[in-house]
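Each protein sequence line maps, in turn, to chains A, B, C and D. Here the first sequence is numbered in the working numbering, starting from 9 and rising by one per residue. Here the second sequence is numbered in the working numbering, starting from 9 and rising by one per residue. Here the third sequence is numbered in the working numbering, starting from 69 and rising by one per residue. Here the fourth sequence is numbered in the working numbering, starting from 69 and rising by one per residue.
Incorrect hints may have been included.
Unchecked claim - Below, in silico cross-link-like pairs of lysine-lysine (DSS-like), each with a Cα-Cα straight-line distance of 27 Å or less:
1) D:K372 / A:K418
2) B:K42 / C:K296
3) C:K372 / D:K230
4) D:K440 / C:K230
5) D:K296 / A:K42
6) D:K440 / A:K157
7) A:K10 / B:K418
8) A:K157 / D:K335
9) D:K271 / D:K123
10) A:K289 / B:K418
11) C:K230 / B:K418
12) D:K335 / D:K271
13) B:K157 / C:K372
14) B:K172 / C:K230
Claimed, not checked - Ranges of calculated distance between the beta carbons of each label pair, as one might list FRET restraints:
15) A:Q35 / D:D114: 54 to 60 Å
16) D:D288 / A:Q31: 56 to 62 Å
17) D:S275 / C:P103: 54 to 60 Å
18) C:D111 / B:L340: 53 to 59 Å
Said to hold, decoys possible - Now the stretches of chain A that chain B is said to cover, found in silico as 3 or more residues with beta-carbon under 8 Å:
19) 204 to 212
20) 303 to 313
21) 355 to 361
Quick caveat, the hints were computed from the structure, so don't treat them as lab data. Idealized CB from N, CA, C, for every residue including glycine.
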Amino acid sequence: MKYQELFPVPVEWVQETDEQMAQTVSQWAEAEVKAGRLEHREDYDTLLEPAMRKLMVDLGLGSMLMPDGSGGGGMTTPDAAVTAVVCLELAGYADTGIGFVCANTLALQSSFAIEPNVEAAVLEETAPLFCSDGLNLAGLVLPGYGAGKDHGAFLGMEYQASCKNTSDQELHAGAEVEVTGTSVRPQCCGANGSLFGIVCGLDGAPALAIVPSTAEGLKASEPFLKTGLAPSINADLYLDGAGGTLVFRGEERTLGLLSWYYMACAAVCAGSLLASYEILKEWGDTRVIKGKGQVFKENPLTAALMGEVAGRCGAIRILVFSLARMLARPDLYGPAGSPHIFATATSVFKQASRGAMLGIDNAMELMASAGYATEWNLERYWRDVKTIETYVVPETCASVNMARHYYGLKAL
Amino acid sequence: MKYQELFPVPVEWVQETDEQMAQTVSQWAEAEVKAGRLEHREDYDTLLEPAMRKLMVDLGLGSMLMPDGSGGGGMTTPDAAVTAVVCLELAGYADTGIGFVCANTLALQSSFAIEPNVEAAVLEETAPLFCSDGLNLAGLVLPGYGAGKDHGAFLGMEYQASCKNTSDQELHAGAEVEVTGTSVRPQCCGANGSLFGIVCGLDGAPALAIVPSTAEGLKASEPFLKTGLAPSINADLYLDGAGGTLVFRGEERTLGLLSWYYMACAAVCAGSLLASYEILKEWGDTRVIKGKGQVFKENPLTAALMGEVAGRCGAIRILVFSLARMLARPDLYGPAGSPHIFATATSVFKQASRGAMLGIDNAMELMASAGYATEWNLERYWRDVKTIETYVVPETCASVNMARHYYGLKAL
Amino acid sequence: MRSIDDFTRPLEYLSPLDGYLGEITRAWAEREVMPLRRGFDEDWEDHETIEPAFKSLMGELGFQRFFFPEDMGGFGMGHSDYGGVGGFRVCEEISRADSAMGVAFAVMHWPLLMICKEPHVNRRLCAEFAPMFCQTEEPVFAANAMTEPQGGSDIENLDLLKGSTIQTTATLDGDQWVINGHKLWPTNSGGAAKLFGVVCTTKPGSSDPDDFAFIFCPADLPGVTQGKPYQKAGMAADKNSDIWFDNVRVPVWYRAHGPGLDFLYFKEMVSWGNVLSLAFASGAMLNIFELLKEFCEETTFRGKPLKENDDVAGVLADIARDIEITRIVGYQSARMLDRPDLYGDNWSDEIVAKCRAYKCFACDKAVEISGKALDIMGPRGSDRARDIEKHWRDLKIVQLWLGGKQLAQMEVARWFYECETL
Amino acid sequence: MRSIDDFTRPLEYLSPLDGYLGEITRAWAEREVMPLRRGFDEDWEDHETIEPAFKSLMGELGFQRFFFPEDMGGFGMGHSDYGGVGGFRVCEEISRADSAMGVAFAVMHWPLLMICKEPHVNRRLCAEFAPMFCQTEEPVFAANAMTEPQGGSDIENLDLLKGSTIQTTATLDGDQWVINGHKLWPTNSGGAAKLFGVVCTTKPGSSDPDDFAFIFCPADLPGVTQGKPYQKAGMAADKNSDIWFDNVRVPVWYRAHGPGLDFLYFKEMVSWGNVLSLAFASGAMLNIFELLKEFCEETTFRGKPLKENDDVAGVLADIARDIEITRIVGYQSARMLDRPDLYGDNWSDEIVAKCRAYKCFACDKAVEISGKALDIMGPRGSDRARDIEKHWRDLKIVQLWLGGKQLAQMEVARWFYECETL
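Construct the complete structure from the given sequences, taking the supplied hints into account.
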């Protein structure tokens, strides 16, 4: 992937180490995912799990942000935002669902592994999972709609769970807490995740607690059937005072976590659109239209729509890389948790997920039955990206969140 | 304008001189345009012409790219792209039409004043106009649809005029040429422009010729009535071997001119959307909805739509500044006239103009009758931005141009 | 040659007068409006070119008598079962030339619906006002004085606010109503209207429908003052301004129907306002179609007429498609007004909500396709000489009135989803 | 309680059988499809749960006899003037439960239209095939074998290509047609269909409509081979596969009508295909409405039901609005098929183009509103347990078939703008 060609992004922000990572992930994408895609389709055991293991454990993406000393990749400065985007774009390019699962893991880690918010106690607690030889996936639990449960709300979005300080001590990162909530829907991996990063209400403020899947008081429902994202086997969680570890409490850190997460998911969407563009390109090169030996892509009508798909792809990539840079340089742009960065992250995520969805939708329209037949692979990106679009933040919440910053809302 | 707040853009690319220019243009916008806007409305003589004179002549925006030695601003390196965006965004913020007129002038100058394409002979020819005490506006004439005239085509877009070498010498920048074409529609200022930069066909390749409005063989029709862009008094041109000066001949330079122009117009659109955002913000702060003393902006429905308007604004600004950076650093991204930069510029312009239009449309919907009443000023941005959207490049031409690069079209 | 008449209308709904009304109006529009309309923008304040055209249609051809009973000199549409579809056709034809004239014309009839339309004809008031409209060849305008400065579209937000925010008061003093208040933006204000239907409250702050009063008020009464028209992005033939009522006295029987009923039948006006707005949109869209077709036949690209380029044809197709859909929905909605026996009363919550939905849809489409038309035309799109940009400006205004998009959404949601607190 | 029946249908168009057909189909769908549909995705290859439901509707209730003449055991809809609106209603009700069943059902009738529908009933062929469908309680499928591997939607691109790209040949050998060719993607292929209507050419490469042949071919003849169904993003109840014809022999009178007429009446099938696709979209949209309403009543946000939040209600309103519009257009289009006396022959270029436009519009809307429904639901949107995501997947497929968006645009542009080279 040459970042200044085809769909140029601000290449000056991509460092040599990023390019190396990109190279590695790219090889993985070709060898482990794309090559096996046709036969295995969405088979979890034979394709997806091994591919994730290879990427996250063997190639180290799953521990990239963890410190050297614990066996992680040691990318503990905010610069890692650009590296994350580079890798997640490629992961999403290979398989949207794998990208999404990685995005959850990396966003969670960003909240305690990246300077200036390095939380030694939490690192110690989580390193055995993230830096082990096993595949340990993380799922975030975010505020959004409620369901008649009153755990309080953060910026108008309701917590799915509450958190309680169980010790007599003052709250600090690494403290033991108890988390309670029913029908809690994680972003991913409710059934195949090893730990959950749960944004919950704690004495009237938002807090992040990490609860391992093995915690007492945590039960998962049977996995539910869903539209897409096969690498995430998801289930609802029931937490009854489940024991966890506090990562932080407070608004800014919460917004910072969300900014990172939105960036990560936007990168996955950008990668998925890139893959769809390639599928469409192949179609356009090889098909004819109107029975006259006219190459599909050379017809003005189809060309115009194809051009729109690609143009959107270029714009989205610029947005995602720019957001990454903003998170990479808090000294210039302010902390990831500042309101203007959170608003920008929200905007970029919505532009990316909607734009990707629109592009893939158009590609399907152009490819007609090949668009929805499993064998051309496009329809899987379509299902997966739509799922991301709906999961990460409910549509109107995102809009109101932007309004909150840009117009200074007070009541909502 | 603090570039890292509210709607952050990659601030590290904005240099101190850019900030100073921004400061100056911003003061001009408040004092010369916004203050007089209500009384003068779209009056050319008493408001628009003096405001343009102040901005382009007194403050030097109109000669910014011309060399020091000729009395210009001396910003002759590609870095000037960022400066141009900074200024044009603010000009468009004040008045879309003024911004658009400036965009034409600056884009034209970029084709012969910016390294490595400094054309001394053309500078010499044009300096007396651009660097004088008078207001001398330039209008570009670009390929697009034809009208049954066969001047040839460039990348599928038809020239509006042809160009002929009148000397025995080989072609070179500064050479005298004759330009012919009927019903030629300039982007702006057909009736109040001092010179026109005409992209025309010259022996089968695209060329740029500068023809002064005083040239023999050039006639302008009566100004025509139009939707918006009052600072541009436009008319169709009739050129019958009108004498002009050749700037360049060749595809790459033509694409480079277009890339600069698209960037400039995108910046104007971004500024217009910014102004519309502010108008909407004032509305949202001061109105009630549903008769219950509920502040307009605090209603979830209106807030959500307002959030979308602002979020789009943020995204567009990032795109425009990123494109400016790509043009500012050809060493990193390739020349402005390389196909991937032209495709990116096209995409960014379309995203910016469409996004701005959508945002302003939404703002009007929210403000109802205040949206279309002249006194709230919003409807002028709406008319002006729509006009830019339609002028710069016909919709499907832009799409096919993108497809040409991204899918390697050969026949279209 | 394909023409606007090739767009589908549900033929079984057409009134016996359809051909007659339609042809007269079309001939009038082509003769007296279309050649002049390009100058209307500059005539927004004085209506020097606009007024004569109105005179011919409304006064001389007598279209201002549309709803009045035949025995009073009217066309008797108030007791026909095709006033809706017939009115739709007329407004569509007018708006093909100029949708601002369409609205000025329709709004002239709007307050009269209250008293001329079965089953709630108020013959005493009909008789009172019929001579004003039916015994003259001059154009006579009427207006609904609804919107107020503080509340925007609150007045039309009937279900939620039930008139509780109305600041214009009507106080009974003997056998007269005394009206005080300030209205803003009514179509045909700014000096045009000779008769107002004024939305008042008989008890400020009350949300009891009984306190909602619709009272007729001739514009020449002492205490009535109209401001100068506002300048707008388009729609020059529709004057909008302030109206002040300062102790204006009218006979007590100038109230349309009385407690409860004024509120009820006012909802009918909302339904009609929406359906006819759809007619304005439809008419303007039809004209965009024909103008654009012509442009795309004259202009060439890639060596052939623009319309023969697949990419352009794709956009043209979407435009034709959406006009087709809009027109079908328009006639269906007009038919629903004509057949309350099948679809429910014009003032029922269902019809009010549905008509809002139709208008909202049509206007969104109209704004969209007029924008697409300009896009296709490229640098020629913003020429006033092509008239399409005029429709683009006008249609945006049609989209925004009657409470605009957000109010429509709330009413539609309230009815279809049984929302209780919106 | 508001229900899907509150969405407007033009009541004057409804057939005398509307209530009867509608109620039976709805009861069947609620009893035999809706409780099971969540498992259909996994049943895409075998149809173990899907088949019994078809049996009950088509075989036992006899709906597969819809178009056949009464004297042959059919319902006689082929010579009624409400086959279109009646069929629309049935397909809408089926598709409310599962639009793939809607299409499998409709396509079963599709080739039979050629021979059962006035004014071109071929009684000899009706008599030949009526027993197969009318004298059994088993579901019997038919299919139109049109699309071919090389050309995508070329076959449906009638106006441009006039059959010139058809590779499947029919050669006359004595009193038999010998059919050779390879078809791809027909609904009800993959082993389901017992009878094919095969689009062939009697002269490869010819664009003379006389050489376009529509020939019936029972699926059990020697030389007919069906492949395994393809896996798709949705629409499991609709099997799509390859069909190979290898020297398949049928009697010469199995050709529907003969030179010129096959081509002509095949266009009628395109019209019907589009109108019934609109019914599938409409039915699925109605179900999305009811499911989404329920979700937005159960789920709370900001301390109240989701639907009572203005921002969410705004989106809900747009969804209801667009369903309302789509349904009106759907019934209008079906009525146009029923009343050729008013609107022109079903196979006329006008009706073909307009029906394409309606289908295209409806599918765009259906895709849009199903996407919006998922957006509103947030992290619950992609639950298969909610069934809405199923409609979202299915509707995208409805949007893309019959030549998809681009072909529709070209046909619409060709007709409305009189384009000659598209």
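Identify every previously stated hint that the structure contradicts and give their numbers, smallest first.
-> Result: hints 4, 8, 9, 11, 14, 15, 17, 19 break, sorted rising.
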